[in-house]
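J.: Here is how the chains run, residue by residue.
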Amino acid sequence: MSGCQTKRLDKFRHQGYKEASNLQGALAVSLDADLAKTNRSQRLGLALLLLGLVSGSLVLCHLPPAVVVSSFSSFQTFVTVFLGIFIEATPLLLAGSLASGFINIYVDEETLHRFVPQQPVLATLMGAAMGFFFPVCECGVVPFTRSLYRKGVPLSMGIAFILAAPVINPIVILSTYTAFGWGPVFWGRIALSFFIAVSVGLVFSTARPQDVFSEAMQAGCQSCGPGSAEGSPTQRFWLAMSSAGDDFLDMGHYLVIGAMLTAFIQTVAPQSTLLGVGQGPLSSVLVLLWLAFLLSVCSTVDAFLALAFANTFTTGSILAFLVFGPMVDIKSSLMYLSIFKRRAVVYLILLTFTMTLAVTLYVNLNLGW
Amino acid sequence: MKVLVVTALGGFLFLLMYNGKILFYINNRTAWLMIPAATVLFVIAEAFRRRSTGDSYVPDGECAGHTHHRTSWAALLLVTLPVVLGVLIPPQPLGALAMSNRKALSSAPAAHGDSQVALVPGGERNVLDWIVAFQNSADLASFAGQQAHVTGFVYRDEMDAPDEFMVSRFIVTCCVADAVAVGLPVRWPGAETLALDQWVEVSGRFELETMADETIPVIVAAEVVPIEPPGQPYLYPR
Numbered sequence: 001m002s003g004c005q006t007k008r009l010d011k012f013r014h015q016g017y018k019e020a021s022n023l024q025g026a027l028a029v030s031l032d033a034d035l036a037k038t039n040r041s042q043r044l045g046l047a048l049l050l051l052g053l054v055s056g057s058l059v060l061c062h063l064p065p066a067v068v069v070s071s072f073s074s075f076q077t078f079v080t081v082f083l084g085i086f087i088e089a090t091p092l093l094l095a096g097s098l099a100s101g102f103i104n105i106y107v108d109e110e111t112l113h114r115f116v117p118q119q120p121v122l123a124t125l126m127g128a129a130m131g132f133f134f135p136v137c138e139c140g141v142v143p144f145t146r147s148l149y150r151k152g153v154p155l156s157m158g159i160a161f162i163l164a165a166p167v168i169n170p171i172v173i174l175s176t177y178t179a180f181g182w183g184p185v186f187w188g189r190i191a192l193s194f195f196i197a198v199s200v201g202l203v204f205s206t207a208r209p210q211d212v213f214s215e216a217m218q219a220g221c222q223s224c225g226p227g228s229a230e231g232s233p234t235q236r237f238w239l240a241m242s243s244a245g246d247d248f249l250d251m252g253h254y255l256v257i258g259a260m261l262t263a264f265i266q267t268v269a270p271q272s273t274l275l276g277v278g279q280g281p282l283s284s285v286l287v288l289l290w291l292a293f294l295l296s297v298c299s300t301v302d303a304f305l306a307l308a309f310a311n312t313f314t315t316g317s318i319l320a321f322l323v324f325g326p327m328v329d330i331k332s333s334l335m336y337l338s339i340f341k342r343r344a345v346v347y348l349i350l351l352t353f354t355m356t357l358a359v360t361l362y363v364n365l366n367l368g369w
Numbered sequence: 001m002k003v004l005v006v007t008a009l010g011g012f013l014f015l016l017m018y019n020g021k022i023l024f025y026i027n028n029r030t031a032w033l034m035i036p037a038a039t040v041l042f043v044i045a046e047a048f049r050r051r052s053t054g055d056s057y058v059p060d061g062e063c064a065g066h067t068h069h070r071t072s073w074a075a076l077l078l079v080t081l082p083v084v085l086g087v088l089i090p091p092q093p094l095g096a097l098a099m100s101n102r103k104a105l106s107s108a109p110a111a112h113g114d115s116q117v118a119l120v121p122g123g124e125r126n127v128l129d130w131i132v133a134f135q136n137s138a139d140l141a142s143f144a145g146q147q148a149h150v151t152g153f154v155y156r157d158e159m160d161a162p163d164e165f166m167v168s169r170f171i172v173t174c175c176v177a178d179a180v181a182v183g184l185p186v187r188w189p190g191a192e193t194l195a196l197d198q199w200v201e202v203s204g205r206f207e208l209e210t211m212a213d214e215t216i217p218v219i220v221a222a223e224v225v226p227i228e229p230p231g232q233p234y235l236y237p238r
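Those sequence lines, one after another, are chains A and B. The first sequence begins at 1 in our numbering and counts up by one. The second sequence begins at 1 in our numbering and counts up by one.
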């Protein structure tokens, strides 16, 4: 292992990251020992859970109907809503994975580098605008931006891109349209995300790069960047597909968790409680902002989760969920730490949070959306 | 590695199998997407298979680690969960039993409040059409005497008298996740004998009645016929 990789490895070991799928391949191989231990107990735990679910539902099917009708029918409703969200989301998640798989193997940022403007405001605007063309989800955007930075893209531009790309790309636009149609949610999501991405990027344009970039970035570590794979077209195609498949499984399991939690809330929480929280102009926004942070669901499909709250929560809070979620959540915060220093990431989160809160609160209180 | 192949394949088979019942879960308009989705899953499974048998290209040097991407077991099992649940639990559309924590509304969500409803002849209006018509009209009394012919599932709660029930439908704007139940009150002597969630066809006339301090049109049913649940149980905006 090169000295560069050891340094990064130590840094991550200290901070206890075990999410191998978020780290680069080289690191994943070296973290094998830790993983093996966690994997065995994880495997056992989940196998037991699955076994419990299977036997539980088989048993339920054979019990006298009156006894379990209410709890079983709630479970059935839960499954219907959960599967509804998951199945509706699957084609779009696949589309996003295919896109990131192909970007990974085929796109080379050398060409992009030539078009970078020098003036910071323009560069930031361009960074956000680039988001329209790259169908990456929050997972894919980090490695891509890392490569961009290595090619010398300015700090503010990269930040604007990292915040905007997960939201204003074609696939997310399509899924938002499918879920909400042409409406305030659709346009609001695009406009607000663009605005926040550019603003935060501009704020960071005043900072010194060495204060913001993490040590690993500053040490100039090279890694397997996109477009560096060679081989025949067929080989590259299968490589892209398996990369897409990996991304799909990674993003898929977060989708399952998110869909389960959302379906659970919708099935179990009485409508009156949801309305009580959901209609308050401030409470609705805070709850959905918190939920957005918690559920690290890929932005290509989070619109479908937001739908579960469409009838009980204010429009402003739905907007907050859809704008904040793709920019900042548990998973993406962890990934940002691979590029930026901890303090910079905290500022990023706080800035995005405050801006989203302010605008959506304004929407709730003043605009009758 | 084989598990990955199986998972992807399982996903594919699962989706195909569902093409009939899939309308219980998702929107008509997007149902066609399942075919390309399943195809892509198949291709991905093939890509995984090639990778595991060593057929595929492995770049040298720094990139070597990158292709040996490890998906954790937890992630794999989670992704299998929808397949497992989908197979084990027989597909059921949302019905009366899904209303344990929600009420049937007598007003429709905004996306459905379309004045196009006025163009639909009375005999063909469904539950949603009538509700939208009531919402858009200034005078509910104008509905008295009009003929109604609607289908829906039976919903009753403890507050209903023995000859009252609601003929209800779930309204979906995009997908099951945003489903809302709406219903029309029906007065029929045999209401008590109807099973919850039973699908029925109701024919009758609207009469204005006062219920819980509100004067609303109620269907006085001449006939209530049990029917088979329809293939597409949800109502979408017109």
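A hint or two may mislead.
What the hints assert, rightly or not - Computed beta-carbon distance windows for the label pairs: (1) LEU282(A) / ARG205(B): 45 to 51 Å; (2) ASP163(B) / TYR362(A): 47 to 53 Å; (3) ALA222(B) / LEU367(A): 30 to 36 Å; (4) ASN136(B) / SER272(A): 26 to 32 Å.
Stated by the list, open to error - Stretches of chain B that chain A covers, calculated by requiring three or more beta carbons in the stretch to come under 8 Å of a beta carbon on chain A: (5) 89–95; (6) 132–146.
I should point out that these hints are in silico values taken from the structure, not numbers from a laboratory. Note that the structure is predicted; figures quoted are calculated from it, not measured. By construction, the Cβ of each residue, glycine as well, lies at the ideal position given by its N, Cα and C atoms.
J.: Work down the list of hints and note, for each, if the structure agrees.
T.: We went through each hint and held it up to the structure:
| no. | hint | verdict |
| --- | --- | --- |
| 1 | LEU282(A) / ARG205(B): 45 to 51 Å | holds (48 Å) |
| 2 | ASP163(B) / TYR362(A): 47 to 53 Å | holds (51 Å) |
| 3 | ALA222(B) / LEU367(A): 30 to 36 Å | violated (48 Å) |
| 4 | ASN136(B) / SER272(A): 26 to 32 Å | holds (27 Å) |
| 5 | 89–95 | holds (count 5) |
| 6 | 132–146 | violated (count 0) |
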